[in-house]
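Following the hints, position chain B against chain A.
These protein sequence lines are chains A and B, in that order.
Counting from 1, one number per residue, gives the positions in the first sequence under our numbering.
Counting from 1, one number per residue, gives the positions in the second sequence under our numbering.
Treat the hints with care, since some could be wrong.
As the list claims (entries may be wrong) - Heads up, simulated BS3-like pairs for lysine-lysine below, C-alpha to C-alpha not over 30 Å straight-line:
(1) B:Lys234 / A:Lys54
(2) B:Lys110 / A:Lys239
(3) B:Lys171 / A:Lys54
(4) B:Lys142 / A:Lys54
(5) A:Lys54 / B:Lys169
(6) B:Lys234 / A:Lys169
(7) A:Lys226 / B:Lys97
(8) A:Lys169 / A:Lys279
To be verified - Label-pair distances were calculated between CB atoms; the ranges are:
(9) A:Lys15 / B:Pro195: 58 to 64 Å
(10) B:Asp187 / A:Glu100: 53 to 59 Å
(11) A:Ala56 / B:Val89: 34 to 40 Å
(12) B:Glu91 / A:Tyr2: 51 to 57 Å
(13) B:Ala141 / A:Pro281: 31 to 37 Å
(14) A:Gly82 / B:Val89: 27 to 33 Å
Hints in this document: simulated from the structure, not taken from any laboratory.
Backbone N, C-alpha and C define an ideal beta-carbon position, used for all residues, glycine too.
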Amino acid sequence: MYFPLDPNVYGDDAKKEPIRAGFGRGLKVAGEANQNIVALCADLTDSTKMSDFKAAFPDRFIEMGVAEQNLVTVASGLARAGKIPFTSSYAAFSPGRNWEQIRTTIALNDQPVKIIGSHAGVSVGPDGATHQMLEDIALMRALPNMIVIAPGDSLEAERATLAIAENGKPSYMRLAREKTAIFSTDESPFEVGKAYVLKEGHDITLLGTGTMTVQVLMAAKLLEEKGIHAEVVHVPTVKPLDNETIIASIRKTGRALTAEEAQMNGGFGGAVAELLGDKLPTPLKRVGMKDRFGESGDPDELIAHFGLDGPSIARTAEAFINEVPRYHQGF
Amino acid sequence: MSGKLTITQLEQKANDVRKDIIQMLVEAKSGHSAGPLDLADVVTALYFDVMNIDPKRPEWPERDVFFLSNGHTVPVQYAAMAERGYFPVEELQTLRKFGSRLQGHPERTKLPGLENTSGPLGSGLSQAAGYAYSLQYLDNAKHRWVYAITGDGELDEGNIWEAAMFAGKYKLSQLIVFIDRNNIQIDGTTDDIMPLEDLRGKWESFGWHVQEIDGHNIESVIDAASMARAISNKPSIIITHTIPGKGVDFMEYDYHWHGAPPNSEQAKEALAKLRTLDGQITSGDIE
Numbered sequence: 001m002y003f004p005l006d007p008n009v010y011g012d013d014a015k016k017e018p019i020r021a022g023f024g025r026g027l028k029v030a031g032e033a034n035q036n037i038v039a040l041c042a043d044l045t046d047s048t049k050m051s052d053f054k055a056a057f058p059d060r061f062i063e064m065g066v067a068e069q070n071l072v073t074v075a076s077g078l079a080r081a082g083k084i085p086f087t088s089s090y091a092a093f094s095p096g097r098n099w100e101q102i103r104t105t106i107a108l109n110d111q112p113v114k115i116i117g118s119h120a121g122v123s124v125g126p127d128g129a130t131h132q133m134l135e136d137i138a139l140m141r142a143l144p145n146m147i148v149i150a151p152g153d154s155l156e157a158e159r160a161t162l163a164i165a166e167n168g169k170p171s172y173m174r175l176a177r178e179k180t181a182i183f184s185t186d187e188s189p190f191e192v193g194k195a196y197v198l199k200e201g202h203d204i205t206l207l208g209t210g211t212m213t214v215q216v217l218m219a220a221k222l223l224e225e226k227g228i229h230a231e232v233v234h235v236p237t238v239k240p241l242d243n244e245t246i247i248a249s250i251r252k253t254g255r256a257l258t259a260e261e262a263q264m265n266g267g268f269g270g271a272v273a274e275l276l277g278d279k280l281p282t283p284l285k286r287v288g289m290k291d292r293f294g295e296s297g298d299p300d301e302l303i304a305h306f307g308l309d310g311p312s313i314a315r316t317a318e319a320f321i322n323e324v325p326r327y328h329q330g331f
Numbered sequence: 001m002s003g004k005l006t007i008t009q010l011e012q013k014a015n016d017v018r019k020d021i022i023q024m025l026v027e028a029k030s031g032h033s034a035g036p037l038d039l040a041d042v043v044t045a046l047y048f049d050v051m052n053i054d055p056k057r058p059e060w061p062e063r064d065v066f067f068l069s070n071g072h073t074v075p076v077q078y079a080a081m082a083e084r085g086y087f088p089v090e091e092l093q094t095l096r097k098f099g100s101r102l103q104g105h106p107e108r109t110k111l112p113g114l115e116n117t118s119g120p121l122g123s124g125l126s127q128a129a130g131y132a133y134s135l136q137y138l139d140n141a142k143h144r145w146v147y148a149i150t151g152d153g154e155l156d157e158g159n160i161w162e163a164a165m166f167a168g169k170y171k172l173s174q175l176i177v178f179i180d181r182n183n184i185q186i187d188g189t190t191d192d193i194m195p196l197e198d199l200r201g202k203w204e205s206f207g208w209h210v211q212e213i214d215g216h217n218i219e220s221v222i223d224a225a226s227m228a229r230a231i232s233n234k235p236s237i238i239i240t241h242t243i244p245g246k247g248v249d250f251m252e253y254d255y256h257w258h259g260a261p262p263n264s265e266q267a268k269e270a271l272a273k274l275r276t277l278d279g280q281i282t283s284g285d286i287e
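For reference, chain A alone in the conformation it holds in the complex (with noise of 0.2 Å):
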């Protein structure tokens, strides 16, 4: 599907918000066109962007304080009485510290309440390793009934949010803090379940998921000034991925790289590499959290250091092109 880009993305006066920012706007709009939507949060209201809701719908707008168990199984007894249920906290306190709750009243019992993750990744920053959630993915993904997502800039989280509101299913949806450059436009498409094609190539194929998408967007950049040409994957769904786009993709290039802000052990690349180990195997690098936890630390610095910057991909993806110049695709 033609999915337009925003054509500034690459310079430096690329625009540049929050992805929860998204949601914010998102959420305010789903509860103008749904009154069973309402909104529950644990003591974070502005950091979750979930204020300008509070304000528009205060009756609808429920504060749970910093009780993050109480918050996913409230939500699931609103379910049960028609509500459409949105909650947010910090990911690392919901789905971090809550997560049985959700497998139990929520997945299990298959109710249509929005899990919002925010600050994941460790872009967060300054606050280190305690609030840098990264097994995120890994612990939603392996939930049943579960649809989880990981928006690439501010206006498709606004999108996924109303996306969400409307499905029916447990979904999870994770956010970071920091701005991050827009690539889509109004104009994009989303819709739950699918990937994106940003750009074509046929010598690799980089898949983004959340805030890497314009990481693996630059990392494309810089290496068809190499004359590498790859073929750019924008998955914002992790669950249920789009099997179809992505395998598409990776039998025309026969490599694959996934990038990710999380750990990519049971994440992201996890479900590329069970995805490809099922139906295409495929020489496939993994870009991500490497078993290890984050520090703090600048949000930039950071990125870099943990080789998630558009720059560091493009070195990882030549090197790895260079380690497997052949390959036998298939079984």
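Relative to the frame of chain A, chain B by itself:
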């Protein structure tokens, strides 16, 4: 239901529920005995008197709702639901078996009439509170009530006290919770494992209206629910004193029966006792 049952009829019904429980557990060869037996009077009172429900229309929008928080006691709920007409009594014998709607712990998506999925302890109270919040603040449905049962051992869970604060803050007056105060949990007595007293004081300090009753006196259960509905500015706790394994003397008071089913010999003995006890489980024998 046309006309309410008399107290004597309700006591008889509770005894039927107990017999169902013994038969289910012996057939299933696994499950919990003590809790379901001690809750038979409370759950029978709820399903046959207290709650405004229609077994033919489990999703009836005007119904009262029931959330079982301590999901391991679900045999008593299944038995009461079957006796009330939600599904055939014969289906009780499928408890815990492959393909059954009667899962070992209750699953809402499997059986119409269940409001929640529970088993892992401590989260049913929050689900009930969420529903009660909706009725009170979002739906303007003042005529509907949310009933819930929690165990006492379950009160060890932190999630319970998060819900306690929440319901207290929002004065969820349509939320009525029975605590099955049977004083046992898997590893021993609640006093030995994790003391709960001052239980009344704890709930009162969280902003709840608290009553204490004999959980085997059906009239007390009905009266306490009625009193709880009359409290218009607080959620209600009813500390329901029960005898674990009530009705089967060799199970009573013995925490070893918390998580064990009777074998067929023990079941025969239990059923014989329940038959002799017909109609005799009344108030006064909790002393």
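Quick check on a hinted range of 34 to 40 Å for Ala56 (chain A) and Val89 (chain B), using CB atoms only.
About 51 Å separates the Cβ atoms of Ala56 (chain A) and Val89 (chain B), which means 34 to 40 Å is violated.
Below or equal to 30 Å on CA atoms is what counts here, so check Lys234 (chain B) against Lys54 (chain A).
holds, 25 Å
For the pair Ala141 (chain B) and Pro281 (chain A), does the Cβ-Cβ distance stay inside 31 to 37 Å?
violated, 57 Å
Are the Cα positions of Lys169 (chain A) and Lys279 (chain A) separated by 30 Å at most?
holds, 27 Å
Holds or violated: Lys142 (chain B) and Lys54 (chain A), Cα atoms, limit 30 Å.
Answer holds: Lys142 (chain B) to Lys54 (chain A) is near 24 Å, not above 30 Å.
The hint says 53 to 59 Å between Asp187 (chain B) and Glu100 (chain A); measuring C-beta to C-beta, is that right?
Check failed, 20 Å falls outside 53 to 59 Å.
Pair hint Lys234 (chain B) and Lys169 (chain A), alpha-carbon separation not exceeding 30 Å
At roughly 33 Å apart (the allowed maximum being 30 Å), Lys169 (chain A) and Lys234 (chain B) break the hint.
Could you grab the alpha-carbon distance between Lys171 (chain B) and Lys54 (chain A) and see if it respects the 30 Å cut-off?
This hinted pair holds, its Cα atoms lying about 21 Å apart.
Using the Cβ atoms, figure out if Gly82 (chain A) sits within 27 to 33 Å of Val89 (chain B).
holds, 31 Å
Need the status of pair Lys54 (chain A), Lys169 (chain B): alpha-carbon distance at most 30 Å?
holds, 18 Å
Assess, step by step, whether the Cα of Lys226 (chain A) is no farther than 30 Å from the Cα of Lys97 (chain B), and give holds or violated.
violated, 63 Å
For the pair Glu91 (chain B) and Tyr2 (chain A), does the Cβ-Cβ distance stay inside 51 to 57 Å?
Once the Cβ atoms are compared, 54 Å apart, the range 51 to 57 Å for Tyr2 (chain A) and Glu91 (chain B) holds.
Comparing the model with each numbered hint stated earlier shows that hints 6, 7, 10, 11, 13 do not hold.
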